[in-house]
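K.L.:
One letter stands for each residue in the lines below.
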Amino acid sequence: MKIFISQLFDKERLITRLIASAGYSAILFVLLIFYFLISEGLPALGEVSLHSLLGTRWYPIEEYYGLLPLISGSLMVTLGATAIAMPIGIGTAVFIAEVAPRWAREILKPLVEVLGGLPSVVLGLIGFLILSPALRVNLNLATGLTAFTGSLLLAAISIPTIISVAEDALDSVPRSYRDAALALGATEWQTIWRVTLPAARSGVLTAGMLGVGRAIGETMTVMMVTGNAPVLANSLRMLFMPARTMTATIAAEMGEVARGSVHYHVLFLIGIGLFMISLVVNVTASAVVFRQRKRSERILS
Amino acid sequence: MNTSQQRNLIQKAGFGMLSVVALLTVLPIVLVVGYIFYQGLPAISFEFLTGLPREGMRAGGILPAIVGTIYLTIGTAIFSVPLGVAAAIYLSEYAQDNLLTRLIRLAIINLAGIPSVVYGLFGLGLFVLFLNFGTSLLAGSLTLSIMTLPVIISTAEEALRAVPQSFRVVSISLGATRWQTIRRIVLPESLPGIITGVILGLERAAGETAPILFTVAAFFLPRLPDSPFDASMALPYHLFVISTQVPGMPLKLQYGTALVLLCFVLGMNLLATTIRSRARAKRQW
Amino acid sequence: MVKISIEHFHLTYSDGAESLRDITIDIPARAISVFLGPAGGGKSSLLRALNRLNDLADVRSVSGQIRLFGDNGQTIDILDPQTDVVALRRLVSMVFARPVTLPLSIRGNLTYGLEVAGMRQNNLLGEAVERSLQQAALWEEVKDRLDEPAAALSGGQQQRLCLARSLAMQPEVILLDEPTSGLDPISTSKVEASLQEIKNNYTIVLVPHSVQQAARVADHAAFFLQGELIEAAPGPNLFINPTDKRTQDYVEGRFG
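Residue numbers (my numbering), protein chains in the order written: chain V, 1 to 301; chain G, 1 to 285; chain A, 1 to 256.
Each hint should be verified, as a subset may be incorrect.
Taking beta-carbon pairs under 10 Å as the criterion, some of the chain G residues facing chain A (in silico) [to be verified]:
1. 220
2. 224
3. 228
4. 249
The calculated lysine-lysine pairs, modelled on BS3-like cross-linking and capped at a C-alpha distance of 27 Å, are [said to hold, decoys possible]:
5. 199/A - 282/G
6. 109/V - 282/G
7. 199/A - 245/A
8. 12/G - 109/V
Hint data in this document are derived by calculation from the structure and do not stem from the laboratory.
Quick reminder that beta carbons are idealized off the backbone N, C-alpha and C, glycines included.
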């Protein structure tokens, strides 16, 4: 048989190289993103003193670059969102994975996927036009554009992430654990709480962390509904007042600043902060997942 | 009441509570989508879909925004699909379990987690300013491509890995090279899954606002872009603008724009789900 | 005439699960050689070493020498890393225990090996399809539906298709790893009949799924136990008159 091996191998080698470089490109992009954030954001540290950056006043027009109001705003909105989203997300994941009959699952899963796909501006619009007026009237607030409004909508945004990761974690608990518990006379309810959920706890934890990551990085929705007042959140009461997050600050102000100005550099500095937060959240979450996989491999072998 | 009855009661109450929680998750979705349809449908007309905005966007159509979003989606696909699928092929078919591969995976996880507004900053720094593409469809498409990449890579990799290993072994035992095996057997078999992942990734790109804020978006540009270096309107940004930045905006137009964006995104979602379930039904392994 | 010569062959898997120790054996050309023994004895590993399919598995180390004497007079050092494995696999083809048809049409399965080797001429491909199906005793059953998906065939037909798929490439050696283990008796006898028919033109190495099958088809037999070659003998000798006690126990059904 006639074989054109040498031509074949040259082509093969070229294709292998191309495919491998596509794989490496992911690393390149992370480095590029990091590089551009650093090169545009780090100068801020030379231009604004650390003391000012840690100040409580954000008013760039008069050169006040205190980041604390923004950081506390992000924290408050995110914590509020997490407090709402975690129980609902995990409860729904348990329901879908353990309790729901097949037909309910077939309805729930695509709907959750739809929620995950809703553009954040659409949620923001609903928040702006419907949710915030409703909150203002019902909670008797001065304005409906508050941190709490943002938390509610961010909860809606992070719930699909929490559900899908937590559901995967629950699904990966071996059938035999459940069977063993049921065989010992536990009810399904007891099995869920005492066997399945504890067995899946690292995955459920990951779900929560990724949900937090999703919430803290969300931009448009919070910008539209939180009222954007950069005030320091120093009491729980502030949850029902306007707030300003790090993401919304970048989005709202970057369009108007001059390239290379102090303000421009500080906005990139905030970007570095967000990048670092997402790095820590995602690397930790993936470490949890990796460890879990290793353990399950050990059990299986 | 004995313990067993008590336990059953607790279980019933617990399951009831969980179903309420699940309802709490999905009911608002149905209400929101339904409400947008209800309020937005009256705004939809031929002029709205094919006309240029007039009177400071308070009248007329949203054609430039629709076209801009379509261009952006196509532009994103052009860059992210070949790169993402190739990266997925690398991870599924070539990569060995070593430090470099773990770094790549870590990078992908990290890319998936970076906030969209940070992508916006990056796009501004690299594409708009450093490479001097200006505020343009090109800069925006590139920014959105990198943001979409992790979604495409991970779903495509999953689809590739679902192809039974035995096909690869048989193909190689018949004298096929690795690439021949991928091109003739693995890729065709995983294509529906890959397409599903690609659409889901593009769906996300089409609905995003923050990454295009400083890279593409024009506040008001009542004409169609005619080159990749043009700035453009886009549906999500337009919706943001008319709902928060323009006083006296008719509600109808806001909901109408939201409806068009929603249909665009949900349509892609529906397409992806249909392809996936069709392929699952047809699959012989 | 010797087709494949195996000398002092060692193989260890990364997890140490299964290994082969110091195997030396000659495989005669144009005859059916049978590797038999209980599971885990290393027969399949040795079989897979012959066309380097072990490259795909988690192998820690191999040593020794395996040489293939090609019909064109060329000698191929199979274990040499420089050896062109793609060309080797076209000379030494494999049929697996489970009939795995590629997700293509019946014709597509048969022409796959030729097409990836660069053959484009439709008339040659068509000839190969008919010839290989005839040899595998499948032609009459499928000649009218060559463009249907191969997955639609029955299990027995699929396995004969896999045999035909190997034959279509006109290799010099065909390796069969328990090819009839999942088949009904009728399909099994069809496969065995095909092997008898083609052995005049091909070197066949078979891991049988039972001692009975081994005894039925073997021109040459080798008994493997826990990674070692216990004894090898021509034809029925190994079954009628084994020299080693362990071989005798195995062929008489006392273990395995």
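K.L.:
Hints the structure violates: just list their numbers, smallest first.
P.N.:
1, 2, 3, 4, 5 and 7
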